[in-house]
Amino acid sequence: MTNVLLYAVHLFLFPGLLFIVVMGLLLAGIDRKLVARMQNRVGASILQPWYDFLKCCGKETIIPRHARKGLFLGAPVACFVILISAALFIPVFGGLSMSFEGDVVVILYLLTAAGVAIIVGSAASGSPFAGVGLSREMVAMISYELPFVLVLLAVGALCGQDSAYGVTFSMDEIVRWQTENGSSLLHPAMIPAAIAMLFVIPCEIGMHPFDIAEAETEISEGTLTEYSGAPLGVFKLCHCVKMYVMTALFCALFLGGLSTGILLVDALLEVVFCIIVTFLCMTVPHAICARFKVEQVFKFYWTFVSALALISLLLVWIMR
Amino acid sequence: MILPYLGQSFKNLFSKPVTEAFPAGDPPKAAEGYRGRLHYDPELCINCGMCMRVCAPQAITREIVPLENGDQQITFTYDMTSCTFCRMCSDFCTKKAITLTDDYMIVGSAHEDFLVSGTFIKAAPPKPKFTPEQLEAMKKAAAAKKAAAAAAADGEKKPEEKAEAKGEE
Amino acid sequence: MSEFISNFPILAIMSLFLGAFITSLLGRKNAVVRNVIVFISMALALIMMLALIKPVFIEGKVIGYWLGNWAPVADWAIGIGLEVDALSLFFGLIITVAVFVSGTYSFTYMSHDDSLVNYYTLFLMLSGSVLGLVLSGDLFNMFVMIEIMTFTAVALTAFRNTYEGALEGALKYLVVGALGSSSVLIGTALIYSQLHTLNLAQITALLTNDQNIVTGIAFAFLFIGFGTKAFLFPFHPLAADAHAVAPASISLMISGVLTKCGVYGIIRLVYCLYQNIDRPFVQYLVTAFGAVSMFICVTMAFNQHNFKRLLAFHSISQVGYVITAVGLGTSLGLASGLYHAMNHTIFKGLLFLTAGAVQHMTGSLDLDELGGLSKKMPRTCILFLIGAASISGLPPFNGFGSKWMIYQAAFEKSSQTGNVFFLVVCVTALITSVLTLASFVKVAQSVFFGQLNPKFENTKEVPLAMRIPMWILAILCIVTGIFPGSVANKLLMPAVNAATNTRAYVSAMMGEAYAAAHQVVHAGAADVQLIGVYSPMSWMLLLLSITSAVCLVAVLGSPEKKKLEPVVGANVPNGPMTPGSIPVTSQSREADERELITDDLDPKYESFFSGEHAEYSQVGGSDLFWGFKKNWRHYFSFMHEWHSGILNDYALYGACSLALTLLLCVLFL
Amino acid sequence: MLQNMIDSSMKKSPWIFHINAGSCNGCDIELVSVLTPRYDAERYGFKLCGSPRQADIVVVSGPVTMQSRERLRRTLAQVPEPFCVVSLGSCPRSGNVFKGSYAIDGPLEKYVHVDVSVAGCTPKPEAIIAGLAQAAQLLEEKRKEARK
Amino acid sequence: MIIMNYIASFILVGLGIFCIATKRNLLKICIGSGLIDYGCNLLIVSVGFHDGGTAPIFAIRELTRASFFVDPVPQALTLTSIVIGACSTAMTLSLIIMIKKQYGTLKADKIRRLKG
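Protein chains in written order, with our numbering: chain A, 1 to 320; chain B, 1 to 169; chain C, 1 to 669; chain D, 1 to 148; chain E, 1 to 116.
Note that these hints are calculated values from the structure, not bench results.
Any given hint might turn out to be false.
[Stated by the list, open to error] Far from chain D, by Cβ distances over 10 Å, these chain A residues were calculated:
1. LYS55
2. GLY74
3. GLY229
4. LEU280
[Unchecked claim] Derived contacts from chain E toward chain C, CB cut-off under 10 Å, selection only:
5. LEU15
6. GLY16
7. SER46
8. VAL47
9. GLY48
10. PHE69
All values reported here derive from a predicted model rather than from experimental measurement.
Glycine residues also receive a C-beta, built at the ideal position from the N, C-alpha and C atoms.
Extracted from the complex, chain A is given alone in its bound form (with noise of 0.2 Å):
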């Protein structure tokens, strides 16, 4: 009975649902009001997206003639279903998660999932601006995927060093790894791997420089340009949930290590990292560099950044 309680409340409570919509809200909140700081104007205040959220839920949601009403409606909520499980597996700080063997690769395909039902949502609500939003989507998922792909297996290859089969793909055998013998950020292999992770988080949310997708002036919001009421709110939350999902992975796989003992601690911590986190990756960029183009995108994260994370893994490889 106890551990089905606590299956419970890890579920919905501390490192569930409650706490990841939370973070998701705050960290957005706080990156628009650096960004307003840093581009010198006073900017929302920090509950501004949970006032979206809010809005959004109170309009009329309005389905559009071609579209195709089952997915148009579903898909935000798959959406956002698939990155709450997504976020589930990461191991917080506490290590109190429900990671097994090998879910590495399923949170890597879960966030393409992600990917793919906020396509099928765009796809579904039949307009040519969507059309052109979710291609530009699919772009930006082929060219984060390769970079973020090799970190992944250059992370694998350090922790799985001792292990059995020379790399592993388990998220607590990562962070059991880091504690023992110092968290991954501190190897000096590990450096680029690190600043390619930092490149690829923007692009996998979306943020203004990548936001190829949804980009307002060129294609009137590509992909949620029919999206309107609720579904538009389940879609934005989605978009803060992704930064929690994408800081708290760079939190586990590079500062694994950093654990204390007590749960509340940990929390703080988590949240303090993924504040930094956010700021480098995301808030930084985003005051200082327009929007790329599509195809520099690809180009740039094809190119630069995964040439990164190739020279971190080919390190750990001579360093084994």
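Given the structure of chain A, go ahead and fit chains B, C, D and E onto it with the hints provided.
Frame of chain A; chains B, C, D and E shown alone:
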């Protein structure tokens, strides 16, 4: 690869944002000489109509109500929503009745709060001293007097002509 | 009953061939008799294969059957033998299921065509020969079955000869296919010249010790021969041409079944006959062929305009996955390869049947022309989504389990042996899976979603008779996806054990003493510790609980979505903008009449066109993925010329690859 | 309780959608300048969004010309309830200097009830912010009234 | 002596492949594929050869130790292979006839509608 605005944005991060706290305080004063909401002073106006003629968007309408003692009650209404704030009217107004203030906060939903209007009573012109019949009579008398004077002048001119004629013969 | 079981293999093959014979005899008169005969023969073959599961998979027996009871004389195999061990039964099961589904599908799909008797005769001969190849224990018998398979497949590809390009595709397939099967023949001849036997078991026994230069050359010929049948790297344009023009049920057979025979041939060749998979050269050769065909076919598939041609290229890239996994040599590699082969037949079959359904209903397969069919054919759209999700490896479906095992096997191999080649292969595999996902997103958007082309206004849903086979495959997709663990233990492990330890294989045919005499290796049960066979049950439970939480939020959050009736008062005087209510004022000029609002539909539910009248504009087909294509334009233009479509070029590529393999085998084997 | 929170959130994050019904772009530049650091409308949650489906406040600038009439009408129809309409500058409400020309088709009032007008031939950004804030207040009342 | 057969068969196969790869006319390609088949048949027959052996016919005389046969199995294989070669040539020709009717030409580089 130089990051263009990295230094500047970090400086901004820690400096005070430049945004005005407008809706908190009162609206900042507009620049000097700003052409804002129109102000119309009915007393100075002489209803010459120059402003109406010169206003491009015809934002000015006049309404004349004749009163019983011949006076006219004239109301000028300036429609701020169709005014382009070019200040032509105040330049051409000989009596300087129209001035453009620097109040730029022209925001409202009903149509009334965009209209600036002023009414004044234009006194009727003084009554003429003589009635038209008297004018007729005075005119006839003047004409008769002139005819008599002319006849007298003919009498003394004849003897001169006679002398000229003799001289020539 | 137990000794009768050993007759089942030949009975299964006979039921198909006899079915073909009887159909061409009796089937001429009316369709029902013909369909019944075809159905019976397919069902018989399927039942026999299922009956064989218990002895072969569970009890691990290897069933040997000598045709004409020509038992081996003095340790020398004379007659033709059929041998069914776990590996061949694994492929036999895939084949009979695919045949059964394709047959029931073609009852309605081919109803528009004429001379259906020929179709079904060829169809049953094709399935009979394919089953024969998989179950046969004799090398020359395999060659004969390959020839029958090639001829019937060519004839069926050109079945709709008025279809544009059908004859051309068939001719190319025949000529280069004949080249491939001739190389198999040469290989068989060379082996016979060295070992003077044709029985696979005896060859295995004899080859364990004396492998000289000639058997090396025979290996090269056999490898290229089976490679042609599996449409590996230099032969993949054949598959694209053949599938694009063949009827859908036949392209299911070609991509789902014929390629598996090529794969079976290569596995048998490398794991059982020569047992040289542990030599690094052979691993590099097989994995290189697999990886190159995997990558090139997916990039070629990326900007195709024809739906079936795109699917054809994808089926070759998935076969490339299987061959890469097989070439790794580890038992996990072979297990993931077999698992992916099974999954590939299932989801590729489903995708081809949906393509057939679209073609059956709309008559066109051009991606730039189709669009918005999900409104008219909703169930086919759902089926397509299941197939597309499982081919691109999304978690709950079967593609995910097998692809992920392949990455794990590849990466494990690279980290254990320490050479970077397998790391590159693993990364290529991951990139290919993303590109597969991208091209299926493209197909989904340009065929099913987006706006409906006015030309296909009156398309209706596919008749139920066609949808049943599709649903069978879809359910198989989901079932094998949700229980990868149990599939792995029950189906894959026996097959892997059968492939790796050949002692049982030889002793079944030639007797125990013979096998012992030739020290046939006995590798013992494969110790595959499937690290990471995730138990999706706990994961599905998690998904359900979160969905319930989210629905609660969604319902709570927007109750007024239902209550908010169109607010009339808000926007006086126009109300909810119905067109009639626009008060056209009196002084509107005659220009107004020209632009009178003729729009009868309520614009509120039109899709947003930045104000324009939302006429038909479908974003699909070739104008997707602009960014990606621009960066790869040099690669694509080169590839476009390379696939020139000329018969001679394809033959030349085949010959060059044959020459290259020969050279490598002579040098390194 | 949640409904009140949603009502209050309507005024806290109004998203703007800009329709240019043939304006001379003076007002458009002013509207965008509202989002710059100096005037920063984002303090109150204003955000320029790209599609009418996500709009709360529709800002219309320019006298409704014949060309843009049809497009204006159709885009306004595609905005989900409850939304406000703000007319920017003097053109939408009266047609400014173009009044009476053959090319424009009457004030904006003909097409939709204008909630707030910001007069001024290019009104100052502070005026626009005041107008938008007023419109945001209206949003809350509209939703309350719609819910009753 | 038997080596001549092997060389001949490989020359035949080489010629066939060369002919398929370079000749543009479809009929020549068909001849080329025929050549390959004949090359293979020659190879199979010559594989079972023992010098001094007689034809493997169990005729009037019963078997004696001395009657030394040539290996009968390849000859059986060759029979099947000849039949298959004939069948493949027949099918190729029938396809070529229909292509001539549909495309109007026999030039291989004109028949390339399926490409890219």
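> Per the CB criterion, is E:GLY16 less than 10 Å away from chain C?
Replying inline: holds (8 Å)
> Is the Cβ of A:GLY229 more than 10 Å away from each Cβ in chain D?
Replying inline: violated (6 Å)
>> Quick check for students: does the CB of A:LEU280 sit more than 10 Å from each CB in chain D?
In response: holds (23 Å)
> Should the hint that E:GLY48 touches chain C count as held when the rule is a Cβ pair under 10 Å?
Replying inline: For E:GLY48, the interface hint holds, since the closest Cβ of chain C sits about 8 Å away, which is under 10 Å.
> Against chain C, with CB atoms and a cut of 10 Å, does the hint on E:VAL47 hold up?
Replying inline: Holds: closest Cβ of chain C sits about 4 Å from E:VAL47, inside 10 Å.
> Would the hint on E:LEU15 stand, with a C-beta cut-off of 10 Å toward chain C?
Replying inline: At about 12 Å, which exceeds the 10 Å cut-off, the nearest Cβ of chain C leaves the hint on E:LEU15 violated.
> Is the Cβ of A:LYS55 farther than 10 Å from every Cβ of chain D?
Replying inline: violated (5 Å)
> Given E:PHE69 was flagged as interface, is its beta-carbon under 10 Å from a beta-carbon of chain C?
Replying inline: Violated, because the Cβ-Cβ distance from E:PHE69 to chain C comes to roughly 13 Å (cut-off 10 Å).
> Taking the closest Cβ pair, is E:SER46 under 10 Å from chain C?
Replying inline: holds (9 Å)
> Checking the smallest CB distance to chain D, is A:GLY74 really beyond 10 Å?
Replying inline: holds (18 Å)
Going through the hint list in order, the structure does not satisfy hints 1, 3, 5, 10.
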